[in-house]
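Assemble the complex: chain E is given as a structure, and chains G and L must be docked to it using the hints.
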Amino acid sequence: MITAEQKPLNEILDYISPYDRIILVGCNECVTVCAAGGRKEVGLLASALHLNFLKHGRTVEIKEITLERQCDPEYAEELVSEIDRTDAILSMACGCGVQTIAARYNEKPVFPAVNTKFMGASVSQGIWEEKCQGCGDCLLGITGGICPVARCSKHLLNGPCGGTSKGMCEIAPDVDCAWCLIWERLKALGMEKRYEEIMEAKDFRAAGGGGPRRIIRKDLSL
Amino acid sequence: MKIFEPEIVAFCCHYCAYTAADMAGSKRISYPANVKIIRVPCTGKVDAIHIMKAFEKGADGVYVAGCLQGDCHFKNGNTRAKYRVEQVQIILGDLGWEKQRVAMINMSAGMGERFARTALEFTQTIKQLGPSPIKITHTDINQQAIRF
Amino acid sequence: MKTESKLEKVLASGALAVTSEVGPPRGAIPERVRQKANLIKDHVDAINVTDNQTAMVRMSSWAAGVIIKQMGLDPILQMVTRDRNRLAMQSDIIGAYSLGINTMMCLSGDHAKFGDHPMAKGVFDLDSIQLVQTVQKMRDKGKFQGGADIDTPPKMFIGAAANPFADPFELRVMRLAKKVKAGADFIQTQCIFNLDKFEKYMEMVCDRGLDKKVHLLAGITPMKSAGMARYMKNKVPGMDVPDEIIKRMAGVSKEKQPEEGIKIAIESIERLKQVKGVHGFHIMAIEWEEKVPQIVEKAGLFPRPAL
Chain E
825 MITAEQKPLN EILDYISPYD RIILVGCNEC VTVCAAGGRK EVGLLASALH
875 LNFLKHGRTV EIKEITLERQ CDPEYAEELV SEIDRTDAIL SMACGCGVQT
925 IAARYNEKPV FPAVNTKFMG ASVSQGIWEE KCQGCGDCLL GITGGICPVA
975 RCSKHLLNGP CGGTSKGMCE IAPDVDCAWC LIWERLKALG MEKRYEEIME
1025 AKDFRAAGGG GPRRIIRKDL SL
Chain G
6 MKIFEPEIVA FCCHYCAYTA ADMAGSKRIS YPANVKIIRV PCTGKVDAIH
56 IMKAFEKGAD GVYVAGCLQG DCHFKNGNTR AKYRVEQVQI ILGDLGWEKQ
106 RVAMINMSAG MGERFARTAL EFTQTIKQLG PSPIKITHTD INQQAIRF
Chain L
9 MKTESKLEKV LASGALAVTS EVGPPRGAIP ERVRQKANLI KDHVDAINVT
59 DNQTAMVRMS SWAAGVIIKQ MGLDPILQMV TRDRNRLAMQ SDIIGAYSLG
109 INTMMCLSGD HAKFGDHPMA KGVFDLDSIQ LVQTVQKMRD KGKFQGGADI
159 DTPPKMFIGA AANPFADPFE LRVMRLAKKV KAGADFIQTQ CIFNLDKFEK
209 YMEMVCDRGL DKKVHLLAGI TPMKSAGMAR YMKNKVPGMD VPDEIIKRMA
259 GVSKEKQPEE GIKIAIESIE RLKQVKGVHG FHIMAIEWEE KVPQIVEKAG
309 LFPRPAL
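Going line by line, the protein sequences match chains E, G and L.
Quick note: the first sequence uses the numbering used here, first residue 825, plus one each step.
Quick note: the second sequence uses the numbering used here, first residue 6, plus one each step.
Quick note: the third sequence uses the numbering used here, first residue 9, plus one each step.
Bound conformation, chain E alone (with noise of 0.2 Å):
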């Protein structure tokens, strides 16, 4: 899923402290499952901005509203019928959800609620791990299943560098280092050989280097 984690109240109020009628959007997707702009997170942040503005002495309508993804225009839709009674959004999505949110609603100001940090999965309750950069071109397939290029810090996909210890890695010894992960399910699979091939420098257009990436499949596009 993608991750997100709540902006620093401050900068939120910085966002909308002209306005008197927000929309604050959370997402029922991601941003839901890793409790950063789900319909909870959307109440206890209207909440806290409801707080803030009371003591100093403003009533700001905050409407809560929480799309089931907003990152489908389909979704966005449903802010139409309240777009007239608002002065600005809020978003808790996702960067995609945000934009998504601006584009159709082009003449309201549109600000992020939180910070979109990674691709990742949970690895146990309330902590979570970025295991995907988006590459474009997954190397999964021979790697034994672990990332090198999202979970090692220099992104090698020669490694180890000479700094793992003990399995972690130099950075901080509370992070695993991928190519002592890949090696050991290599060697569970009893595909060591495989780690003896190099492999080639990678094409990063796949990777976004070839500027914004896109999907169009035909058989699904109107």
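The set of hints was computed from the structure by calculation and includes no laboratory data.
It is possible that some hints are incorrect.
To be verified - Stretch by stretch, here's where chain G covers chain E in the computed footprint (C-beta under 8 Å, at least three residues):
#, region
1, 825 to 837
2, 862 to 872
Unchecked claim - Dumping the calculated DMTMM-like pairs for lysine to aspartate or glutamate here, alpha-carbon to alpha-carbon at most 20 Å:
#, chain 1, residue 1, chain 2, residue 2
3, L, K220, E, E1024
4, E, K879, G, E103
5, L, K145, E, E1024
6, L, K149, L, D100
Beta carbons: idealized from backbone N, C-alpha and C, even for Gly.
Chains G and L alone, transformed into the frame defined by chain E:
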């Protein structure tokens, strides 16, 4: 000058703090009338939003009273409550409010006196802090503040 | 001969090669480069010029390398993939070669986290092995990494690093094999303090016949104090300092410790000279360059062959 009488909301676990409050009553131990008790089946049921809403509606202080550490009827509801209280403390801190306006307190069902003492101490703490920042500019917030 | 490199000639002659290093200054102070190079110039065959070592900004390695070249000495251009993408690295290789530098080291580099710009974006467009491949392709095929022909390709003698002590140990020889396969001509190792483990490593290297394919220069670092030994053991990632070394350093008075450190370095060289596959020494005297001549002389590696 009018004496400030804070409004305090106490979320009390049915298995401990609420029973302790009962016991305080039956033992005729008095505690401040400022404390409004909300009975919950477990403090684990108290979410950050409930505490926040109490403040929005004008509470000057909120505390969550759950079982002693390790004694939760539902294993770890009181631990979860503790983290949620901390979460609200962070939010209040970000807003420039005093973090002491929200607290987590642990007690057992037999601690009627502790219940009364805690209620008194928390009320005194809030009295020292003064009214909720909301009230500084809003005298009658219950009517106008919250518009959904 | 693949190149004009003096290091290649020394190694080809069968003599034990000696290299050392100069860290460029953190400012526009060319004299500093000359001073440091002058301290070691008669006692080494070539001088490594580090590239933003420990991720701190310094005079660029090729510029400092050119200063050393102008002194009539032989710099080894270190290049880390952390700071530049493949375009920048290849253009720097052509530039350095055009200014007379013919030997280089391909490294990935310390993570930016450890340096003075932890907020910098690490590039890592290539890793060290891919850089070795790139330099070899430029030299032997006359092609850029992207495939286009080079008009007059740079002929670099290609080095890479090896750390025999990092985890997992079983992978270390395989990784060396990968670097050799990619095209490394010589290897400089991380500082060696655990000689037993290193000898075991070298046995494995020779078992695979890698000693026939690559020249391995053993890394030697003299310790200044027991404190430094402890620091290297505990704080430097991938470093293996046995307790006996620390004990030995701590066993002499503080004033005698530098001398003891140099003694250990010399003894290490004497012992490693006997190890099959060791073709020379890379002496990393960290901020202690003035001691290099003494170590080289006492270890019987002086005078250097005149070629």
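Each hint tested on the structure:
no.: 1; hint: 825 to 837; in the structure: holds (count 3)
no.: 2; hint: 862 to 872; in the structure: holds (count 5)
no.: 3; hint: L:K220 - E:E1024; in the structure: violated, 25 Å
no.: 4; hint: E:K879 - G:E103; in the structure: holds, 13 Å
no.: 5; hint: L:K145 - E:E1024; in the structure: holds, 12 Å
no.: 6; hint: L:K149 - L:D100; in the structure: holds, 18 Å
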